[in-house]
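K.L.:
Quick note, the sequences are listed as chains A and B, same order. Mind the numbering: the first sequence is residues 0 to 252 in numbering that gives the first Met the number 0, read in order. Mind the numbering: the second sequence is residues 0 to 281 in numbering that gives the first Met the number 0, read in order.
Take these hints with a grain of salt, some might be off.
Claimed, not checked - Using 25 Å as the maximum straight-line C-alpha spacing, the simulated DSS-like pairs for lysine-lysine come out as follows:
no., chain 1, residue 1, chain 2, residue 2
1, A, K62, A, K22
2, B, K175, A, K78
3, B, K118, A, K62
4, A, K118, B, K180
5, A, K87, B, K218
6, A, K130, A, K94
7, A, K87, A, K31
8, A, K94, A, K119
9, A, K94, B, K180
10, B, K175, A, K66
11, A, K87, B, K29
12, A, K118, A, K94
13, B, K175, A, K94
Since the hints were derived computationally from the structure, they do not count as laboratory data. No experiment lies behind these values; they were computed from the predicted model shown.
Next come the chains, spelled out residue by residue.
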Amino acid sequence: MEFKTHISVQNLDVFYGTERALKDITVDIPDKKITVIIGPSGCGKTTLLKSFNRLVDSMDEVKVSGKVFLDGENIFDPKVEITHIRKKMGLLSQKPFPLPMSIYDNVAYGPRIHGIRDKKELGRIVEHYLKQSSLWDEVKDRLHAPASRLSLGQQQRLCLARGLAVEPEIILGDEPTSALDPKSSQRIEQRFLELKREYTIVIVTHILRQAMRLADYVVFLYLGELIEHGPAEDILVDPKEEMTKEYIKGIIS
Amino acid sequence: MMLLTIFSGLIVFLMAFGLYQRSRPILAIKPLTELLFSTSWHPLRGEFGFFPFIMGTLWVTGVALAIAVPLCLLTAIYLSQYAHRRVREWTNPLIDLLAGIPSVVYGMWGILIIVPLIKNHIAPFFGIFSTGYSVIAGSIVLAIMIFPIIIHVAVEVFRSVPYEVSEASLALGATKWQTVKHVVIRKAMPGVIAAIVLGLSRAFGETMAVLMVAGNVAKVPSSVFDPAYPLPALIANNYGEMLSVPLYDSALLLASLVLLLVVLFFNIISRVILIRVERSIQ
Ligand SMILES: Nc1ncnc2c1ncn2[C@@H]1O[C@H](COP(=O)(O)OP(=O)(O)O)[C@@H](O)[C@H]1O
Ligand SMILES: [Mg+2]
């Protein structure tokens, strides 16, 4: 299978204080595919994901070295505008965290930040992305109710709509279904499979079955090191590395 | 815990009841509205109008809050959102220190620094004559006294906002300041109001420092450069001294009752706001 590269990670190192959370990671993330990052808890999956939109270096005491190229531009270059990088990516976190405002305002938040003021235009955007994350029918009569009144599954779809509304190129998901019931998880997964036609998607998961359902490309991390990466059918079915084999058989987890 | 809560509620009630009992003599011969809204304070003639003192309290407290709230919130936002951990470690004890200074010392400092500053510089700047002993002097001193409690509570409140919520906003391409303005402050609003209420209740009852710099003239102030005579100062200055004047002690106890009720009233109002805010955001 041929891949066009969207994000190119080169020799990425991340330190929390003195703890080295990512060790010399080099990997290319393919364009308009679902890349799944797997590995046991604490191996650096979240850290890698948050390096892509530079949330990782918004904390005190974090040191990053190496390069991450996005559309040919190194996002860790001090000259790049960080808000511009982040606008290119929608983030779904482990638990949904709606902003403390209404359903409507949650989705309109990003577009407003980026300068859209026109009421009609905002209304159109909100409707469009709520439909795209298959939430519209459930909330269209109460758009101005606080977002926190939605169920967890609905909140996660709202967060998806909120992320899509800034028209990103990439969707990042950090175990985006781990707080959800099976039905809601399935709906989110279904969304991903449809969205990959238009977006590059990177998902962290520790659920191997989920990786099998979604992945086109797999990245396996262990204790901050990149052990193996490649097309899903290679890594998940016939891994080369002993460590990956053991993880997939469920010996290490 | 439950028992303690009931107990402290009971104490407030007993105090109010006791004060009410003792202020009945004056209530028996004067209508309450006259006592509260008359501006005439002439105990020797038997005229006890509290209005100047009530207004004195409201002016000094109101202006103090107007000074303290914006400064404290900005400080708290800086400390909780922007400052490096080491800065916080340094400032925390300093703020605690501020809280531990006895109020007489604040009063002395007010007399030595603030009062002359107002008399010689600030009031003339506005083309006004003032002795310096004024609403604004009391308010400045009071504002500084309530800094620590407001800052402390507000910092805690801002820090309790889950980092992931800020992260969600940042991830959408919002700047740090946009995130603070639209998300953090909003999420923290109920707690911020609680912080202000705490400052407010502390300010209402604060006697010593204000008494030393506010001028203590029993007249309704009409500008911040006029002197004021807040209720607590009235009570502290006169109780135990002027008791030979008929009804004076009853009047002062009524003043205490009024003070207690005003504080309770503001507490209840702000609690209602708090509940509303919580409902609309959460
Ligand atoms: N904010 C942080 N401060 C210090 N250490 C952290 C922080 N976040 C993560 N780590 C450490 O970095 C390592 C990788 O964490 P993480 O990327 O969250 O792993 P995963 O998402 O795979 O569970 C872990 O050892 C974790 O303890
Ligand atoms: Mg994680």
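K.L.:
Which hint numbers does the structure go against, in order from smallest to largest?
P.N.:
Violated: hints 3, 5, 8, 11, 12.
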